[in-house]
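Using the hints provided, position chain B relative to the given structure of chain A.
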Amino acid sequence: MSRLRVQPARVQIRDLRKQFGTKVALNGVSLVVEPGTFTVLLGPSGSGKTTLLRCLAGIEQPSSGEIIIGDKVVFGPGKFVSPDKRELSMVFQDYALWPHMTVRKNIAFPLATSSLSKVERSQRVGDLLERVGIAHLADRYPNELSGGEQQRVALARALSARVGLILFDEPLSNLDADRRDQLRIEIATLTRDAGVTAVYITHDQSEAFALADRVGVLRLGELVQYTKPEKIYRHPKSAFVARFTGVSGEFAVSHVREVSDKRVEVQLPFAPHMFIEATKSENSSYDKDPHLFVRAAGVTLAPVTSTAGAPGVIRDVAYNGRGYEHVVEVGDKATLTKVYAADRFERGDCVKVMLDPVSCFVMNAQEEV
Amino acid sequence: MARLRRVRWSGMVVWLVLLFLIIIPVCAFVLVAISPRLFRQGTSYFTFSNITAAFQGYTGQGVVDSLLVATLVGVFAVTFATVIAWIVQRTNVYGRRFWSGAMWLLLLVPTWMTTLGWIDVISPGELLSALGVHTLFFFHMFFGASGIVFVLSTAALPFSYFVISVGMRGLGSEFEDAARVHGARRLLTVRTVLPIIAPALLSAFAISFAEAMSDFGVAFTLGSSSHFPIATYTLFNAIYAYPANFPVAAVIAAVLILSTVPPVFLQARVMRGRSYAVLSGRTKAVRRYQFSPLARVGVTLALGIFMFFVLGLPLLGAITSSFTNTASFITTTGVHWTLQSYKDVFAPLPSFTTLGPPLWTSNQLGIWVASGTLVLAYVLARRMASRTPGIGQRITDVFLLGSIAIPGIVLGVGYIFFYDQHFITSHIVDLYETMPLLIMGLIASSVPSQARLLTGPVGQIQSSLSEAARVHGASKWRAFRSTSLPLLSRALVWAWLLTFTKTISELAIAQILYQPGHEPASVVIETYLGTIFNAIGSAATVITLAEMVGVIALVLLIFRLVTPKGWRRIGEAGAPS
Numbered sequence: 000m001s002r003l004r005v006q007p008a009r010v011q012i013r014d015l016r017k018q019f020g021t022k023v024a025l026n027g028v029s030l031v032v033e034p035g036t037f038t039v040l041l042g043p044s045g046s047g048k049t050t051l052l053r054c055l056a057g058i059e060q061p062s063s064g065e066i067i068i069g070d071k072v073v074f075g076p077g078k079f080v081s082p083d084k085r086e087l088s089m090v091f092q093d094y095a096l097w098p099h100m101t102v103r104k105n106i107a108f109p110l111a112t113s114s115l116s117k118v119e120r121s122q123r124v125g126d127l128l129e130r131v132g133i134a135h136l137a138d139r140y141p142n143e144l145s146g147g148e149q150q151r152v153a154l155a156r157a158l159s160a161r162v163g164l165i166l167f168d169e170p171l172s173n174l175d176a177d178r179r180d181q182l183r184i185e186i187a188t189l190t191r192d193a194g195v196t197a198v199y200i201t202h203d204q205s206e207a208f209a210l211a212d213r214v215g216v217l218r219l220g221e222l223v224q225y226t227k228p229e230k231i232y233r234h235p236k237s238a239f240v241a242r243f244t245g246v247s248g249e250f251a252v253s254h255v256r257e258v259s260d261k262r263v264e265v266q267l268p269f270a271p272h273m274f275i276e277a278t279k280s281e282n283s284s285y286d287k288d289p290h291l292f293v294r295a296a297g298v299t300l301a302p303v304t305s306t307a308g309a310p311g312v313i314r315d316v317a318y319n320g321r322g323y324e325h326v327v328e329v330g331d332k333a334t335l336t337k338v339y340a341a342d343r344f345e346r347g348d349c350v351k352v353m354l355d356p357v358s359c360f361v362m363n364a365q366e367e368v
Numbered sequence: 000m001a002r003l004r005r006v007r008w009s010g011m012v013v014w015l016v017l018l019f020l021i022i023i024p025v026c027a028f029v030l031v032a033i034s035p036r037l038f039r040q041g042t043s044y045f046t047f048s049n050i051t052a053a054f055q056g057y058t059g060q061g062v063v064d065s066l067l068v069a070t071l072v073g074v075f076a077v078t079f080a081t082v083i084a085w086i087v088q089r090t091n092v093y094g095r096r097f098w099s100g101a102m103w104l105l106l107l108v109p110t111w112m113t114t115l116g117w118i119d120v121i122s123p124g125e126l127l128s129a130l131g132v133h134t135l136f137f138f139h140m141f142f143g144a145s146g147i148v149f150v151l152s153t154a155a156l157p158f159s160y161f162v163i164s165v166g167m168r169g170l171g172s173e174f175e176d177a178a179r180v181h182g183a184r185r186l187l188t189v190r191t192v193l194p195i196i197a198p199a200l201l202s203a204f205a206i207s208f209a210e211a212m213s214d215f216g217v218a219f220t221l222g223s224s225s226h227f228p229i230a231t232y233t234l235f236n237a238i239y240a241y242p243a244n245f246p247v248a249a250v251i252a253a254v255l256i257l258s259t260v261p262p263v264f265l266q267a268r269v270m271r272g273r274s275y276a277v278l279s280g281r282t283k284a285v286r287r288y289q290f291s292p293l294a295r296v297g298v299t300l301a302l303g304i305f306m307f308f309v310l311g312l313p314l315l316g317a318i319t320s321s322f323t324n325t326a327s328f329i330t331t332t333g334v335h336w337t338l339q340s341y342k343d344v345f346a347p348l349p350s351f352t353t354l355g356p357p358l359w360t361s362n363q364l365g366i367w368v369a370s371g372t373l374v375l376a377y378v379l380a381r382r383m384a385s386r387t388p389g390i391g392q393r394i395t396d397v398f399l400l401g402s403i404a405i406p407g408i409v410l411g412v413g414y415i416f417f418y419d420q421h422f423i424t425s426h427i428v429d430l431y432e433t434m435p436l437l438i439m440g441l442i443a444s445s446v447p448s449q450a451r452l453l454t455g456p457v458g459q460i461q462s463s464l465s466e467a468a469r470v471h472g473a474s475k476w477r478a479f480r481s482t483s484l485p486l487l488s489r490a491l492v493w494a495w496l497l498t499f500t501k502t503i504s505e506l507a508i509a510q511i512l513y514q515p516g517h518e519p520a521s522v523v524i525e526t527y528l529g530t531i532f533n534a535i536g537s538a539a540t541v542i543t544l545a546e547m548v549g550v551i552a553l554v555l556l557i558f559r560l561v562t563p564k565g566w567r568r569i570g571e572a573g574a575p576s
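Protein chains in written order, with numbering that gives the first Met the number 0: chain A, 0 to 368; chain B, 0 to 576.
No lab work stands behind these hints, which were simulated from the structure alone. Keep in mind that the hints are not guaranteed to be accurate.
Unchecked claim - List of simulated lysine-lysine pairs, PhoX-like, C-alpha gap at most 25 Å:
1. Lys564/B x Lys104/A
2. Lys78/A x Lys475/B
3. Lys84/A x Lys475/B
4. Lys117/A x Lys342/B
Values in this document were obtained by computation on a predicted structure and should not be read as measured data.
So here's chain A without its partners, still in its complex pose (with noise of 0.2 Å):
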């Protein structure tokens, strides 16, 4: 495992911009990136993850702006560097496997311009080829491999430079479930073992948290928050991120009351008598166009018998393997989904609904950062 450990690059990017003609896609971002860490960037389309990402690699020139690349400045006021010379390597979503080479000539391209010798490059092959599982491909062509071999051995590429760097443009996009949820796994942990700085982009909020130390939510060519997984799960800086992070029900309310510090009591729109408490976001107001925002995990299910909780109807039930994803109606034409359950409730079923004051939010919804 330790050889193939490298030395990680610290990235910065400061203020950084991007024009194409009048359209702005990246608007003065900045974010560090430590070394040896695995950064997601998240966002939709359009948002600049695919244009900041590149800009990084240098297949896109900014329009201002700096980055830096462990102690090197490659791109800043009058200089850019290309990129084959910022010393990193990059995953494709479309694998970009070149159809030519065999898998081993594909992996083993960027050390053409190594000092190893023969013998060392082709060890070297020989190791990642063995712990991407792909020993046995190395002499056929892309087109002979399926979907998943090919990310590996673009994995295999990606690693087999041993720079300081990876970059990974939505690799998992063109799988189906079972291979992404395989593959990201095996991303995750060839980078750790690997020990390189990591910048990871992709739309799936899911594979955010499951990979990232930290993760970027862009929005509109902006970074609307820099932080760990759990703070962005549990304190979406704006309506945005919640939203895009995931939220089972977003409902509009009218009284807002603060309690403390941190929580705030709103009426529950569904449930005009009753009160819940919600988190008060650190960045957000709610002065303008109060929502509450529902997290999946924040909701529980209870027979309607249970003196607790708001009263529901179930619309829809789906088995997921551990359990039951259920969506309820709890008000005209207000439902929360993937409500889950250990136990089914039958489509029809009236249930109560308990909101756990964590997963709850209060926050202006056209207040998008």
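Just chain B now, with coordinates in the frame of chain A:
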């Protein structure tokens, strides 16, 4: 910033080259039509009198004849090509690769060679007469509109065939399945599915029409002696008459360009966003219609007879003619086979030129033109296939489309007109009657079509492949050499070969721009035509054709021997099949 400046500079260099290669010579020449005095070709700075003159009498008839002929050629070529493409691509006919190969051979044979071959076949006393066929009727028919339409249709057939074949290959069987599953019978299925390849059919028509309009070989060999004037020949006549009438020639040139621009642009418009050159990875493998054993033999035979008729017979005519040294294939004492014509090719009568040096000149021209064209066409194809299309790409696209429609004869005449202007020869550069001018003219005629041909294969290469190389430590050159070049190698080799062979057989530009004393083979062969030394011309034709096929075989062999296995596994989209 430095990078951005470099991009702009490279674009400017490309446009500067195109400016002197195509735009200025053609525009200056066409301008003479309405402003002859600007170039000292008349007394008026602005007049429409030349336009009126060009549409009268012999030249006017030439324009009408050309439009009629080109339309008929388009219809015939597309009809036959559709049937053949369906048989070869979508049925279990025997020898599919052979038929595609035959189409390539047909593509390589220039129209003047085909015309010669047919004259050798159907002339009284020639091959068919020797076999007891009364050919006088066909002979008279051949020297007229029907002969011109026939030869041009066979010449346009391969263009249409390749375009329609790609369309049919890309037409997954799921469309047929869907029609059949939903109750369509065989005929309705065909009627349902055929519109899907309508862009390919329209494209084939446009190419065939443009090829027929701009052809000079048939016009020169057949049109001149058949009392059926063709626009390209009347243009040639206007220049070589004494005194030369550049203004009227310019009007005809403008008509030729304008008549070919609409179908080419229409085709491009229909094709927009659904290039027939790009096949989706999701397209399922083609399912072939299975003929019964008897029908399979019958269809193969029919195809064989057809191909023999359009390709084998004229070639056979030229070959048999080359092995006789009399004006007729048979004499009163029978057929006399001899190699005399082949000897005469290299040791001709005093008034004729030996084929050796001209063939060498043609090969040199071929190498220069094919290589120059390849570089420029690749640069243009890269611009066309750009991932971020901008105004520059659209202008390049329109320019290339328009340039494809410029017939070789117009380019040739444009060159002698512009590069012989006093201010050019005395103040800038005197290229008149030099080899570089001929090379420039031939490159100018090849670049637009080759650039558009290469745009397909270049556009098929995902940008991430070269980006991956760059990110993993490759310099720009190494990224090109290790990723783009292997993927394009087959398409590039075929583009080079196509340009090389077309240059050797090219007649219009060569006839107008050749350097005295350094005639290319096509010009020398043409001098034998219509003389009693026709057999020597046939022998020279056979030698030239054999040499072209030999070069193709040699280059493909070298490609096979020197390229890694991986290179040959891919890039087949740019190659013939």
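Here is what the structure says about each hint:
no. : hint                : in the structure
1   : Lys564/B x Lys104/A : holds (13 Å)
2   : Lys78/A x Lys475/B  : holds (18 Å)
3   : Lys84/A x Lys475/B  : holds (11 Å)
4   : Lys117/A x Lys342/B : violated (58 Å)
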